[in-house]
Each structure stands twice: as C-alpha cells, then as structure tokens.
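K.L.:
Start from chain A and add chains B, C and D according to the hints.
Number of protein chains: 4
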Amino acid sequence: MSKGALASLAHYTAPIRRFGTSPLARHLVLALGLMAMTALTVPRLQNDAGAWLRACLWCCLGYFAVDSAGRVGAAFRAGTATSHVLSASGLVDILSVVPVPVALLCGTAPPTAWLFAALWIFKLAQDSPGFAQLGRVFVREAKPLASVLVLFLIVLFLASAAMHVVERGGQPAAFGTLPAALWWAVVTLTTTGYGDEVPHTPLGHLIGAVVMICGIATFGLWTGILATGFAAESRRHNFIQTWNLVSKVPFFQTLDPAAITEITHMLRRVDVPERTAVIRRGKVGDCMYFIAEGEVQVEVDATPVRLGASAFFGELALLGDSIRTANVSTTKPSTLLVLDLADFRTLTAHHPELARAIDAEAKRRRDEIQHRRDLAPDDGVAASRAKRSGTTS
Amino acid sequence: MSKGALASLAHYTAPIRRFGTSPLARHLVLALGLMAMTALTVPRLQNDAGAWLRACLWCCLGYFAVDSAGRVGAAFRAGTATSHVLSASGLVDILSVVPVPVALLCGTAPPTAWLFAALWIFKLAQDSPGFAQLGRVFVREAKPLASVLVLFLIVLFLASAAMHVVERGGQPAAFGTLPAALWWAVVTLTTTGYGDEVPHTPLGHLIGAVVMICGIATFGLWTGILATGFAAESRRHNFIQTWNLVSKVPFFQTLDPAAITEITHMLRRVDVPERTAVIRRGKVGDCMYFIAEGEVQVEVDATPVRLGASAFFGELALLGDSIRTANVSTTKPSTLLVLDLADFRTLTAHHPELARAIDAEAKRRRDEIQHRRDLAPDDGVAASRAKRSGTTS
Amino acid sequence: MSKGALASLAHYTAPIRRFGTSPLARHLVLALGLMAMTALTVPRLQNDAGAWLRACLWCCLGYFAVDSAGRVGAAFRAGTATSHVLSASGLVDILSVVPVPVALLCGTAPPTAWLFAALWIFKLAQDSPGFAQLGRVFVREAKPLASVLVLFLIVLFLASAAMHVVERGGQPAAFGTLPAALWWAVVTLTTTGYGDEVPHTPLGHLIGAVVMICGIATFGLWTGILATGFAAESRRHNFIQTWNLVSKVPFFQTLDPAAITEITHMLRRVDVPERTAVIRRGKVGDCMYFIAEGEVQVEVDATPVRLGASAFFGELALLGDSIRTANVSTTKPSTLLVLDLADFRTLTAHHPELARAIDAEAKRRRDEIQHRRDLAPDDGVAASRAKRSGTTS
Amino acid sequence: MSKGALASLAHYTAPIRRFGTSPLARHLVLALGLMAMTALTVPRLQNDAGAWLRACLWCCLGYFAVDSAGRVGAAFRAGTATSHVLSASGLVDILSVVPVPVALLCGTAPPTAWLFAALWIFKLAQDSPGFAQLGRVFVREAKPLASVLVLFLIVLFLASAAMHVVERGGQPAAFGTLPAALWWAVVTLTTTGYGDEVPHTPLGHLIGAVVMICGIATFGLWTGILATGFAAESRRHNFIQTWNLVSKVPFFQTLDPAAITEITHMLRRVDVPERTAVIRRGKVGDCMYFIAEGEVQVEVDATPVRLGASAFFGELALLGDSIRTANVSTTKPSTLLVLDLADFRTLTAHHPELARAIDAEAKRRRDEIQHRRDLAPDDGVAASRAKRSGTTS
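Chains as they are written, first to last, in my numbering: chain A, 1 to 393; chain B, 1 to 393; chain C, 1 to 393; chain D, 1 to 393.
Don't read these hints as lab results, they were simulated from the structure. Among the clues, some could well be false.
[Stated by the list, open to error] Cross-link-like lysine-lysine pairs, in silico, DSS-like; alpha carbons within 30 Å at most:
1) B:Lys248 x B:Lys363
2) D:Lys248 x D:Lys363
3) D:Lys283 x A:Lys143
4) C:Lys363 x C:Lys248
5) D:Lys363 x D:Lys283
6) B:Lys143 x A:Lys332
7) C:Lys363 x C:Lys332
8) D:Lys283 x D:Lys332
9) B:Lys143 x D:Lys283
10) A:Lys283 x A:Lys363
11) B:Lys248 x A:Lys283
12) C:Lys283 x A:Lys143
13) B:Lys283 x C:Lys143
14) B:Lys332 x B:Lys248
15) B:Lys283 x B:Lys363
16) A:Lys143 x D:Lys143
17) D:Lys143 x B:Lys283
18) A:Lys248 x B:Lys143
19) C:Lys248 x D:Lys143
20) D:Lys332 x D:Lys363
21) B:Lys248 x A:Lys363
22) C:Lys248 x B:Lys363
23) C:Lys332 x C:Lys283
[What the hints assert, rightly or not] Chain D residues, not near chain C, derived (Cβ > 10 Å throughout):
24) Ala10
25) Ala51
26) Gly90
27) Arg269
28) Ser310
29) Ser322
30) Asn327
31) Leu375
Even glycine gets a Cβ: it sits at the ideal position worked out from N, Cα and C.
Isolated chain A (complex conformation) (with noise of 0.2 Å):
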C-alpha cells in the first residue's frame, strides 16, 4: 500500500480511533465484558451462546491489550516505562491482560480462566480522580481508624469465646468451635445477621445484644472519623485545584496575597464541556462566574458577545435582583470558577477594592450594551429583545 493510501486510511479511521480511545468506548467494552463473563458461568447460557460468549470476551480481552499496549509503548517513549509499569495504573493494566491467557495456557478449564476477567473491573479505578482523594482520607486517618479496628478485633474475640462457651452445649454445629462463633461474631457485629447461626440461651442474647450494640457503636465512630477526615480533605482538595487556576486570571493578581488566598478557599471549579449552557435568562442566579480556561458567549443582544478566559459573568444577579438577564452558553470546553452568593457578599464586605472593581465592569457592560443599541435603533427586533432583556446577565 503506497504511503498516500495509508494516510487517507489514517484520516477516514481518525473518528473511530478517537472514539475507541475515549473513557465511554472503555466503559462500554468494560460492561460488555463483565457480563459475558457472568452470563458464561451460567450452564443454560454457556450451552446456547458459549461461542459468541467466548468471542465476545477475546475481543474485550484484544482491546484492552491493545488500550494496554498503547499506554507501555508511550511510557517507553517518554523513557519511563519502568515507573508506569509499576505505578497503579500499570498494575492494572497487567491484570487486565495476562491472567487469563495464562490460565487457559495452564490447563484452567475455561470457564474457571475467564474468571480472571473479574479483575477488569480495576479498570473502573483507571479513570476515576476522585480514588487518589479518598485514599488520603484513609492515609492521613490511619491511626484513628487501625484503633477503631484493634476495637473491633477485641468485642470480636472476647465476643466469640464468650458464646463458645454460652451455645455449644446446646448448638454444637453453630458455636461448637471457635472458628463458627468467629463466624456469628463478624456476621453480628457488622449487623449483617445472616441468622444461619442465631442463640437461643438467655444469656446468649444477652451477648448478642451487646454485640450488636458494640456494632453500631464502633462504626460509628468509624464514620465519624472518615467524616472528619473528609471534610479536611476536601477543603485542602479544592484549594489547590483552584489554586492553579486562579493564579491564570489577570482579575485577581491585582487583589493582594490574603483576599487571593480567602477567594482561592471559596471558589469551586466546574468543568464544562463544548456548547453548553451555563445560564439561563429568567432562572434565579445566586453564583457568579470567572473563566479559567475556554471561552463563553452571552447572549443578550442580537449580536452575542464573546468573553475569553479571565473574563467573568453572572454578576449582575449577585448584584441587583437575582433574575438572570442573559444567556450563557460555551463555545469551547470550558473551567469556570464558580462564586456562590454567600461567598460573594462575604468577599466584597472585606475586599471593597473587589466589590468596586466587579461594579465598574458591570458598568462598563452596560453601557456598550446600550450604546450598541443607540447605534442601531431602527432594528426593530433587536431593539425590543434588548428591551426585554436589559443586560448582560
């Protein structure tokens, strides 16, 4: 095939080649594996459908050693394959791919080998930011939570023996070994309570009673702690994600170090992707907007304007009723830092420097508004819209 053909094939295979990399087409493969997978270990449908079922899965598997190879061959470039290979998402990668053929290579019924393909579900964990986070909750609460597992393993134990020593005379099967009363105990104190090993005695009830209460007690606290741990995190969390953002918006260099820190706190980062509407005329506004990154268009007139990153909107209903004026659509992917009206009122009290230079702005808008409209008085059309609509948002 000549050089000129191959490009053109490139160029027509672009959107499928970009589709087939995107985290949908993934999400897609991914379910369709899983349930080839768990329809396989169903005999009525293993023997109607195993064929397809099979084919079904060696296509996920291809595909995903193809997303795998992918991902390798750019660490390689990059000159880092060593790290990626034993970073997380490497990890994944690798279980992904090689378990299975591996079982099949080692004489796994095939059944039992495609079972393997459970670990696919890690891939999940590939496109989700929000794991790293979570995580952190965890490291950084290590402590109090290991304590409140030691107390768990302790009602756990003493628990067990107790009922060992209460039941078995009378349930041999159920608590006659302490392995089965371990059983009842994890299954009591998580209240699961299965109830395929339940006392009888009084004072068996008793001890269960206890147990179940030292459950909810314990988690409790559990949840306690992960609350508080979360909260932490999520304030430090949405700091720096803003952090970087704020520091592209010309609007607040001019602002000095404590009032960018105090916005830095309050903003919220919003991705949005292309042709979306932010704001709606007519809806009830209580946020404000600064552009990061992307471009938005308002419409208020019949000749929409166009406002570029650093640029900000939504202030009039933060500023007078809190009607929006306008439409706001993106016409880029956009990130927006979004400004809630309790944080608003909060800033502009302690930064008046702020409050004035936001108004002047908003004046400034008006008055090209209007005069946009002096300059074309004799479209009708225009001029009532403009009417109806006052200003920019």
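P.N.:
Only chains B, C and D this time, still in chain A's reference frame:
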C-alpha cells in the same frame, strides 16, 4: 343560572375550593388513594369491597386530574406551558394522571393497571422544597460519591468471583453461577444479610468477613462525604434564604457590608402562621427575633403593642436575665429572622454600633411602657400586671 | 406520738428519704420494676414466683405514685399544677402511675395489665437533660429530614409495586399482595434483611440490589443531616451553658466583650462532685480550670491552699512544661470551666492582656509558696515535699 | 560461666532481644497464640495436633509473662509498681498471664481453660495510642450519647411490649414472653435482622417498620454525635501533638504568638523511619516540611546536603511551579511537621514576615548551589545532573 347565582355559589364554595387546593387536602387524597390501591391487591379485600375501592381510586384520579389541569392551565395562561410540562412538577402531574387510564385502555387487568397509582407517591416530592437542596448535595459531591460507587463495584465483583470459586462445589444452587454469587455479594456488602445464601467453608467465611468489613468501610466513607456536602450546602442555603429578607429590614441597612454579611450567616429564617405564640412569658429565652414580613402583638401590658415588618423583639432576655417578660404572638402569617444568644454576643462584641442601636430601642420601649403606665395609674389591674411583667419581653 | 418523737423520726429517716428521692434510687426501682414485669410474662417464672413478682411490681408502682404525688404537690404549692400536668414530666408521671390500675380495674388479666409497666421506661427520659438538645436538632433540621423521609417513601412504594409485579407469579405468599411487598421493601430498605421474603428471579434480584443501595444512600444522607445539625446545636448549647457561668467569674469581666465572647465559645463546663480529684501530680496536663462555683483544695505543700469561686488553677502546666506539679481536688460540689491547651494558646495570642493577668497570678502564687517555705525551713518533710512538687500545678 | 562469656552472650543475643521486645514480635506472637487457641477448639485439629498447639500456647504465654515481668520490673525500679499494676497497661498484663494457669490449676478442662487466652487480644490495645483519643470522644460526648441510649431503651421496651401483645397469639414461641420479644426488638432496632423471629400479622409488620426506622434514626444521631465529637477532639489532639514540636523549631520562634498559634493549628506531625524517601524528584508537590527532630539528606547535586532539626525543605514546589526538583530522604528516624499548600498560602498571606523569611532562605540555597557548581565546572556528570535538577526541591 343567573350571574348572581353563580357568584353566590362561587362565594359559598370558596372555602371548599381553598381547602381542595391546600397541601393538606392533597396529602389526604394521596394517602387515601395509596391505601385503596394497596388494599386492591389483597384478594380478600378485592372480593369484599372491590367496587368501593375502585370508586375511591377513580375519585382520587379525578382529583389529581383536576389539580394537574389547573396547574397546566395557569402555565398556559402565563405562556410557559411547554417548560411546565417538561419540568419536574409537570412530569409528576403526567405520571400521576396518564398511566392508569392508558393501562386500562390497553386491556391490562384492573388490579394490575391500578398498580401504576404507586406513581402518585411522587406527588409528595412536589411539596418538598428540601428536595432541591438534597439534590444539590449529590451534584456537588458527585465525584467522590462516584468513586465510592466504583469502590463498591470493585469489591462486589472480586468478592463474588472469589466466592463462586470457593463455594460452588458445596452449594451449587447458591454459588454455582456468578449472578447468584453477585446477589450474595450485594446482600452482604450492604449488610442486609438475608441469609438465603451463606458461605459454609472456612475460606468462604473469611471472604464473607472481609466483604462485610469492606461494606462498613465503604458506607462510612459514603456517609462522611454526604455529611461534609450537606454541611456546606446547609450553610449556603441558609445564606440565600436569609439574604433577601435581611435586605428588607431597614434596621440592618445602617450597618456596614461586612456586618450585614456576618449577620446574614447567623440569622435563621422561621415562617410562623397566623395567631401563633412565639414567646411565652416566664420561659427561658435564648434568642431574639427580627420581623421580615408580617406582624406580631406584644402583650406586656393591658394594651398590647403591635410590631410590624423590620421591628425586632425578644432582645430584653438577651440583654438582662434570660427570662421572657411578655407574651408575643403573630397576628398575620409572618416571616421572622431568629438570632441565637451565642451569635448575638459575637455580633454585638464585633459591632458595638449594633449593640448601641438595640440598647437604645430597648430603652425607648421601656420608657414608653413607663409613660403609658404613668398616664393610667388608676387602672389597678393593668398596673399590677405591668409590675409583674416588667418590659417588652 | 408527740411532736418531738415525730421530729426525731424525721431526723433519723432523713437519709432514707434523701436516698429515696435521688436519681440512683429512681433508677434502681425502675430496673427492678422492669425486670419483674419482664419476668411475669415468662410462664415458668409466673408459676413459681408470680406472687413475689406482683408484690415487687406493686411496690414499684407505689414508689412511683409517691414520687409523682410529691412533684404534683410541689407544683400545686407553686401554683403551676395545670402546666405541670400538661408538661412532658407531668405526662410521664401520669403514664407511669395510672394505666396499670385502670387496666386491672377494667378487668384485664393481670399479666397483660402489668405490660403497661413498660411505660415506666419513660422515667429514664425525665432525668436526661440531653433529650431537649437532641429534640432541638430534629426540630431545626426538620425540613431536610422530612425530605429524606419522602425519598424513603417514594423508593418504598415504587420498589414494592415493582417487586409485586415481578415476583407474585413465583412466590404468591411473599409478594402476592402489595402489603406483603411493602413489608419486604421496609425490611430491605433499612438493610435489616430478615430473609423471610427474598426475591428469586433475576429481575427481582436487580430491584432488590437497587433498593439496598438506595437504602444506604438515603440513610447516609439522614446521618449527614443529623451530624451537621448536631454540630451546630452542640456549639450553641455549649455557649448558653457557659455564658451564665462566665459572667460569675470576675477575672473575665476585665476583658473586652469580643474577648469574653471568644472565651465563652472555648470554655467547657464540667460539674465535679465533692471530694473528687481534678488534677493529679505527675500527670501530663493539657488544660486549665476556672472555678465558676464551689471550692477546690490545692495540695502543693504541707499546708493545702483552698481556692474559691472565680479563681483558676492548672495554668502552670500550660505555661511551662506540661507536667502537673500539685494535686487538686474539690472540697464542695463544684462547677468548673475547662480551657484546653489549644484554645489557651489561641486566646493568649489574641489577648495579651489575658496572658499577662494569668502570668502575674502564677508568679504571685509561686512567690507565696516560696515565702511560706522560707518561714518553715526546719520542717524537713514539708521542705522535701515542696522541693519535689515545685509550684501549684 | 565467666563474666566475659556472659557479656559476649549478651552481645550476640542483643538483636534477638531487641526484636523480641519490638511491637512486631509482640503482634506475631499474639497472632500465633490466638490462632492456636482458635484451632484448639476444633475437635479434628485437637485430636491431630493438640500437643503441638498446647506447646505453642505455652510458649506464647511464656513470652507474655516475660514481657509483662519486664514492664513490672521497670515500674518497680522507678518506684511506681502499684500505679503500674492498677493502670490499663498493668491490668492487660495481668489479664494476659494469670487467667489461663489459674483456670488450669482450678481443674478446668484444658480446651476451656485456654479460652481465657482470648483476653490476649487486649495486648493490641497496649500499642494503640489512638485509643485514648477515641476514649476522650466518648467521655466528652457522654451526655448526648447517654440520651441516645435512653432513646434506644425506650423504643426497645415499648416495641417489645407492643409486639408481645400483638403476636403472642400466633407465634407463642417467638413472642410468647417479653424476653423473647426484647430479643426481637434488639435484633430489629440494630437492623441486624437475623430472621429467627419475624412478625406475621399486619399490625406486627407496622410495629416492625416503625422500629426499623427508629433504629436508623437513632443510630444516625449516634453517628452524628461521634462525628462532631471526633472533629473537635482531632483538632485538639493535633494541636497538642504539634505544639511541643513547634517550640523546638527556632525558625518559628521569631514569629509573634498569634502566628505561632495559627501555624500550630495548621501543621501536621509525621513520624518517618530511617532511610525513607520523603520527596521524589519530578512528582507534584503540595506541601513543605519542617524538621522537628532527626535529619534528612537533600540530593539535588553530586554532593548531597544534610539538613538537621529546625531546618525546612520542599518550599520551592510551593513558591514556583509545583514539581519537586530534588530527592529528599531521612538519614535518621525523624519527626517532620507538614504544611499543606492551602495552609501555606493562608499563612504567608497573613504573615508576610514568614513569607519573606522562607523566600530569603530559598534564595540563599539557590545561590549556594550555584556557587558550588561554579567551583566544580569541570565535573561534567555533576554539572549535567545539576542542570537537570535545578534547586533544592
């Protein structure tokens, strides 16, 4: 019928119509309808009172149809018919009226067709303004919540695949297929624990114990995220609710913006119906009230004093000892802004001008009461009453 | 009997009466009564010891009757009989005394009539001041909690209607009627999971899994709301509790209002009974104490020093190294205000005048101790003791 | 044996003794002992390997006896034997050593006597400093937690009495006596739901549903209280831990007290073992470190720089772009104070003098590195390496 007769009919049926469109009536009809629908599925009741139950259901359906038509009509007159039908409220109206008749027309058996009346339960959500607030918590914390769900799915798949391998030999019915093992995993991971599928081998017990503890850990994280999100949302929601009211109270307008923002965070909005006691003499008082809308009546003396919008009351209990010295009740439906003792102290410490303004008003009131007493010294009852009660609250 | 004999009888029975009205006695009688009532429902115990149990129950009832009569009498003398009877405490008194005799008079069988003694459990609530606090959390967060309940009801009805349709064919007993399906939905949505009704079809399993996850999500939200509400209520409750005490400590009155408000937020009220150790020499100290009411004894030397209301102690451990240098115990029932190390640092950093005042007092004490030692140099034991212990705490 | 031989024996056995007293060894022995104890209750294992298991248990008991004796001996030498024996740690020592031999001497059958080895699990708590922290949460929130327990008891008693009345006719075995009904109520209220006792009547289902929802509500409150308490305790615990370390870092001593208090709240203590990487070149950095104790090695150049106590590092990633430019690892066991990006920004915004001091030190370091490079321009490898790595971190 003449126009006058119609008018007088409209006049006499007005209270009925007013009751008919009240939330109480809607909830009563809803409860009645759901109970009739539930009863219709019980064969014994269906045989004994099927006709009555069906009549009752048709009445409820009629009520909801009229109710929905009223709302659609109002939207049509306001020119927002399309957006109303597509809104959550419009969809609820459609879901509550359309499915049952359609199912009956399609030839579904009546008891089954009436099951669609279960959709009426959505009517409850129509009157719950708090729903939007809960929804915002989920939207804001979407990323970490999604991560927890991914964690849940990973544990789910790995645990069920492992359990399938370990237990399928001994219990082919319960763990012989992966779907069955997945059912066990969901039941265990959510700590529901039906007990219909229980592992029997030691290794199965170990996997089960790990899954239960993972379940507790996962949902502790889930709760922690929701707690953090709700705390932030609650603070923001309160500010937005209070801000519009604060701007209506002239007393606050004399303060500088920082103080207004601070007080807006501290105030709590309370809606009080007509003729309801707000303060009772002799009780311990730990808050003061600002009137945003409505009117209250202060019974400190023989002649009660009326206070309208933007006045405040209940401050004496915060300034002196904490015993209320007057009865205060609403004379109109009122919206009050409550300021707790702790916040009152913080506020007056930071803004002495506010403390002075409240002190001056309190002094003016005490003098006025004294003055009135001096004018009517021969009214023994009023005098003794005044002596007992002191000043306004 | 002569008046003197009566008086001496009253004198000798005083400790008994005092014990009889103490919370401990009330709780003992309550525990005894509930145990007797529980035992009376067990046929074997009823046959063997029915008479004794009934006698015991009558005694408890008599005790509660006397106890309630005392409270009603006191309220009658104070002229608040009506409001007392209608108050929560008055209702508990009525519920604990009236139902059992009324049931017996109405001819109910004694074992059933005595079941009304279960209402005695409300007596526990009479001594719990924390109940009002929990109640306020529910009142304040009523709106979002109601929304969660509505969410719960919506899931409940939709899930049970769906399950009824899906499973009624296979399991007419468990899902054949909507009430039965509703029972399944409640048991599943609260993750109780009895296992008496379990879906068997794949679609039923899917609905069940969704219901369980909805249950977890709903109650995570519920817990989050209560956590947020309790945090706010706890902060407010602490302020109100502390404020009245702070106003009794002259030391704080020299501070400006902002500092008083700040310190009131930081202090924590602790009620200590008579003759209880507050500080032990040699332990690590991380807080200091202000005496709001009562008296303590500082054993730093041979001659212990007594400190009364408005004094403070334990500050040396915060100023120098963190080891306590004296034993401090109460000589009367005391109310102390505790200031933690972290808050002490914050406070003294913001209010240097407070730091100076505490420093000056600490220095004065050290000098006084030194002075006393100089006056008694020949008391070897005291001297060595003083050398070991350093200064006040 | 001569003294020299003893000394050399002591020399050679030192590593063994050191390992023997380490937490790792203690945990290994504990795990072994508990597993042997558990295995001894299984008849099959007892028959096959009973002698080995008992030998293993005696070894573990001996280890714990020696371990405890060492602690008691140390306490005896320090003159605190009595207080040690009465302390939590002393009681754990007694509970782990005494019960088993006493039970064997009293003639209890060995498998039963060895069940007292379950008390060894308390050894886990001895090494958990976090336990005291959790305990303080319970102590501080004792009042509201007690109220929740009272609420729990009230629901428990009323529900079981009601259920006993409603269901005793149909199910005499499950609800015929109040103790049986109480068991049902505990199992249901904690949402454990064994399913051994389930109501069958519609009224019983209604009571059951109410009990389940009460259970969820109660434990939501419980969790909320613990979350609030833990958040406060965590903040306080962190301050106390950090405060002593901050006072050791001369760099902080130049700040005014308000700034020191603020920074103490923000710092987080981390204990790092010897030869552990703290910062890796090329990673994203979002915190800086102060060395409270120990020493680290900064590998920015051919010649690594060592930083001792009171130095700081990692600040360049916070000042410039967020990429680490050096490897930093500990050379001794070190205690570091971590300052997160968000807190660093807040701190430098409020205390410009701190920002200036850190800037000056960073500049000094950059110059020093530059100077060293100028002195050794002919060392090609070092030069290229220096070019790649930039400055300290």
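K.L.:
All hints, please: hold or fail.
P.N.:
Here is how each hint holds up against the structure:
Using a Cα cut-off of 30 Å, the hinted pair Lys248 of chain B and Lys363 of chain B holds, with the two alpha carbons roughly 24 Å apart. For the given pair, Lys248 of chain D sits about 24 Å from Lys363 of chain D by alpha-carbon distance, which is consistent with the 30 Å threshold. For the suggested pair Lys283 of chain D and Lys143 of chain A, the alpha carbons sit about 26 Å apart, so the restraint of at most 30 Å is met. At roughly 24 Å between alpha-carbon atoms, Lys363 of chain C and Lys248 of chain C fall within 30 Å of each other, so this suggested pair holds.
Distance hint between Lys363 of chain D and Lys283 of chain D is fulfilled; the C-alpha atoms sit about 22 Å from each other, no more than 30 Å. In summary, the hint linking Lys143 of chain B to Lys332 of chain A is supported, as the alpha carbons are separated by about 22 Å, within the 30 Å threshold. Pair hint Lys363 of chain C plus Lys332 of chain C holds up; C-alpha atoms about 27 Å apart against a cutoff of 30 Å. Of the pairs offered as hints, the one joining Lys283 of chain D and Lys332 of chain D holds, with about 23 Å between alpha carbons and a cut-off of 30 Å not exceeded.
For the hint pairing Lys143 of chain B with Lys283 of chain D, the CA-to-CA distance comes to about 24 Å; that is within 30 Å, so the pair holds. Of the supplied pair hints, the one linking Lys283 of chain A and Lys363 of chain A holds, its CA atoms being roughly 22 Å apart against a limit of 30 Å. Of the pairs offered as hints, the one joining Lys248 of chain B and Lys283 of chain A holds, with about 22 Å between alpha carbons and a cut-off of 30 Å not exceeded. At roughly 23 Å between alpha-carbon atoms, Lys283 of chain C and Lys143 of chain A fall within 30 Å of each other, so this suggested pair holds.
For the given pair, Lys283 of chain B sits about 26 Å from Lys143 of chain C by alpha-carbon distance, which is consistent with the 30 Å threshold. Restraint check: the Cα-Cα separation between Lys332 of chain B and Lys248 of chain B comes to about 17 Å, which is no more than 30 Å; the hinted pair holds. For the given pair, Lys283 of chain B sits about 22 Å from Lys363 of chain B by alpha-carbon distance, which is consistent with the 30 Å threshold. This hinted pair checks out: Lys143 of chain A and Lys143 of chain D have alpha carbons roughly 26 Å apart, not beyond 30 Å.
In summary, the hint linking Lys143 of chain D to Lys283 of chain B is supported, as the alpha carbons are separated by about 24 Å, within the 30 Å threshold. Distance restraint check for Lys248 of chain A and Lys143 of chain B: the Cα-Cα separation of roughly 24 Å lies within the 30 Å cut-off, and the hinted pair is therefore satisfied. Taking the CA atoms of Lys248 of chain C and Lys143 of chain D, the gap is near 24 Å; set against the 30 Å cutoff, the hint holds. For the suggested pair Lys332 of chain D and Lys363 of chain D, the alpha carbons sit about 27 Å apart, so the restraint of at most 30 Å is met.
In summary, the hint linking Lys248 of chain B to Lys363 of chain A is supported, as the alpha carbons are separated by about 25 Å, within the 30 Å threshold. Proximity of Lys248 of chain C to Lys363 of chain B is assessed by CA-CA distance (about 25 Å); at most 30 Å being required, the pair is judged to hold. A distance of roughly 23 Å separates the Cα atoms of Lys332 of chain C and Lys283 of chain C; the hinted pair therefore holds under the 30 Å criterion. The beta carbon of Ala10 of chain D sits about 33 Å from the closest Cβ of chain C, which is more than 10 Å, so the claim that it is off the interface holds.
Taking the minimum C-beta to C-beta distance to chain C, about 43 Å, the non-interface status of Ala51 of chain D holds against the 10 Å cut. The non-interface label for Gly90 of chain D is consistent with chain C: the shortest C-beta to C-beta separation is roughly 16 Å, beyond 10 Å. Every Cβ of chain C is farther than 10 Å from the Cβ of Arg269 of chain D; the closest lies at roughly 14 Å, confirming the non-interface assignment. Residue-level check passed: Ser310 of chain D sits 19 Å from the nearest beta carbon of chain C, beyond 10 Å.
Residue placement check: Ser322 of chain D keeps its beta carbon more than 10 Å from all beta carbons of chain C (closest about 30 Å). With a minimum CB-CB distance of about 35 Å to chain C, Asn327 of chain D clears the 10 Å threshold, and the non-interface call stands. No beta-carbon of chain C comes within 10 Å of the beta-carbon of Leu375 of chain D; the shortest separation is about 45 Å.
Going down the numbered hints, you'll see the structure goes against none, and every one checks out.
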